[in-house]
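Please model the complete structure; the sequences and the hints are all you need to start from.
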Amino acid sequence: MTAATVGTAQPAVTPAAARTAPSRGPGRSDLGIALLFILPALVGFCVFYLYPTIRGIYFSLTRYNILGRPHFIGLGNYTKLFNDALFWNAMKVTLEYVVLNIFFQTILAVAIGVLMQRLTKNTAVRAVILLPFLISNVIAALVWFLMLDFQVGIVNELLANLGLDRITFFGGDATAIPTIAAVNVWRHMGYTALLVFAGLQTIPDYVYEAAAVDGSTEWRSFWRITLPLLRPILALVLVITVTGSFQIFDTVNVTTRGGPGNASRVIQYYIVQKGFAEGQFGYASAISFVLFVILAIVALVQLRLLNAGESDLA
Amino acid sequence: MATTIAPAPTATAARDAAPRGRKPFSPGRALAWAVMIIIILVTLFPFYWMLRTSFSTSKALFLQPGSLGPVDATLGAYKRVLGLSTTAEAQAQGGSGASVDFFLYLRNSTIFAVVATAGQVFFSALAAYAFARLRWPGRDIVFFAFLTALMVPPIFTALPNFILIKNLGLLGTFPGLIAPYFFMTPFAIFFLRQFFLGINREVEEAAKLDGAGHLTMFFRIVLPMSWAPITTLSILTVINMWNEYLWPLLVGTNEQTRVLNVALGVFRSQTPQTGPDWAGLMAAVLIAALPLLIVFLFFAKRIVNSIGFSGSK
Chain B
1 MTAATVGTAQ PAVTPAAART APSRGPGRSD LGIALLFILP ALVGFCVFYL YPTIRGIYFS
61 LTRYNILGRP HFIGLGNYTK LFNDALFWNA MKVTLEYVVL NIFFQTILAV AIGVLMQRLT
121 KNTAVRAVIL LPFLISNVIA ALVWFLMLDF QVGIVNELLA NLGLDRITFF GGDATAIPTI
181 AAVNVWRHMG YTALLVFAGL QTIPDYVYEA AAVDGSTEWR SFWRITLPLL RPILALVLVI
241 TVTGSFQIFD TVNVTTRGGP GNASRVIQYY IVQKGFAEGQ FGYASAISFV LFVILAIVAL
301 VQLRLLNAGE SDLA
Chain P
1 MATTIAPAPT ATAARDAAPR GRKPFSPGRA LAWAVMIIII LVTLFPFYWM LRTSFSTSKA
61 LFLQPGSLGP VDATLGAYKR VLGLSTTAEA QAQGGSGASV DFFLYLRNST IFAVVATAGQ
121 VFFSALAAYA FARLRWPGRD IVFFAFLTAL MVPPIFTALP NFILIKNLGL LGTFPGLIAP
181 YFFMTPFAIF FLRQFFLGIN REVEEAAKLD GAGHLTMFFR IVLPMSWAPI TTLSILTVIN
241 MWNEYLWPLL VGTNEQTRVL NVALGVFRSQ TPQTGPDWAG LMAAVLIAAL PLLIVFLFFA
301 KRIVNSIGFS GSK
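Protein sequences, first through last, are from chains B and P.
Under the working numbering, the first sequence has 149 at position 149, and the numbering climbs by one with no breaks.
Under the working numbering, the second sequence has 16 at position 16, and the numbering climbs by one with no breaks.
Source of the hints: derived by calculation from the structure; they are not laboratory data.
Mixed in with the good hints, there may be bad ones.
Stated by the list, open to error - Covered stretches of chain B (chain P as the covering partner; in silico rule of three or more C-beta atoms under 8 Å from a C-beta of chain P):
| id | region |
| --- | --- |
| 1 | 133-142 |
| 2 | 188-196 |
| 3 | 268-277 |
| 4 | 293-306 |
Since the structure is predicted, the reported quantities are computational estimates derived from the model, not experimental observations.
Backbone N, C-alpha and C define an ideal beta-carbon position, used for all residues, glycine too.
What follows is the structure, encoded as structure tokens:
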């Protein structure tokens, strides 16, 4: 139903009817047609986002074997979780992964982004840099699983040829998480570099030219100009990459499966294990709610700390 | 570290004259290029390694793991993972002999990615239009609610959504696999809303004077005008769907709905007694990666340029 028909249906309200025609008055509403446009998305939002969010919180307060019905147990799952050594181990392992992953990924991405900006704006170079992002986490994991294999992996062949010891990359207690982090740095650094590169385009050339005229070196310009002006972009990039990083799952699931021991039993792997392998849906929901809260806090704190949105250029 | 362009006016003038800001040679720039080339090599080498291994014979690989080219070159691995060789043949070449059919998984991934993308982009475009161009009470609140959905980690909604799909009896079916992605994603709506906001009002007013309603306006004017961002969004969505893993792992539980990523994980766990079938695995990996790499070949420029913050300003 269009606004014009509403107007003619209510001839008594003459000023409103007069306003509806071609010009857009402030009080005019397209509610009818808007509902039609938004209906499919609204249904999708309610059924697959809103309802499961509420339901997930409820599940986290129940004992729910996947075959039975949920029984309300209050905060039982949360007290259980507090005393669950494997949960704390999962938190520790995940945090270790996030720190390694984000630290190296961000440094490499900024380096690549700046290199591209100063060396070449060629699209082909950017396309090549983005290639690993086009293959899935699963594929990236499997290729590196081969390349880092203890016996046939080319990396270990190289180490052996150099007279060094072979490394049990995925199979070692101390190396599993750094290896998984490295694989994901490989897959994501190009994408993140392109985000940084896009951010760098917002810094006008004249800033660099002025610095060069004043005798600043590239190195100094990077620290004094690029990095400070990049801060708001970097904040957004970090929010995206850190929250994504906490949800590491694919790589673990096709390579180490949480092992050796619990060395790579990251939080999302633990949730899936509890929920789907052991059928403890209530408990799995409680852990994922904790993850949800952590991610929300991390995002807010990051945006605060890095003052996203306030550019020094403005 | 790197020394820069001399501040002399001649140098600047020369640089302005050069077509693409060509800068004079310096040791710093040479070093920078060297680093860049190393990064590109590290990026590309695993792709070469997939190729090299996929054309090898698995059993021979164990004897010459360091060979830079294919070992005992053969197409056997591809035949094996596409279900074109007999069990005996497969086992002779180091395969597990379990039946695998990557043609089927390729089909499944295609259905999943294409149908989910089509629905998601279309319905998100409709909603984005309502958020960008229509006036209705509660619009901004609903939009904000949609955006907050971005904050919810997928695993959190995956658990209840799994229960829902299970109770509807849709486990192991395409509707169950596709439904959560079919109607909207907050990102798609956000992305398109930004674009629709920028469309000139005068175009709309002119159409309205001609008596066009909002439906006509959307299909006849706004959609055709938005061809570029819709294509970009569709490509990005297909990439995301193709690479999706957790949800298909939970819901695509049978052969008929198993997508490539899930199949790769299964294949990797079917290790033959003689040792992993690396050639088969890499052939499967390439089959899984190839469609997107081909898409990328055609749309590289568009995809590369779409990555940035144009959507968030």
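Now the hints, each set against the structure:
no. : hint    : result
1   : 133-142 : holds (count 8)
2   : 188-196 : holds (count 4)
3   : 268-277 : holds (count 5)
4   : 293-306 : holds (count 3)
The earlier numbered hints are all upheld by this structure, with none contradicted.
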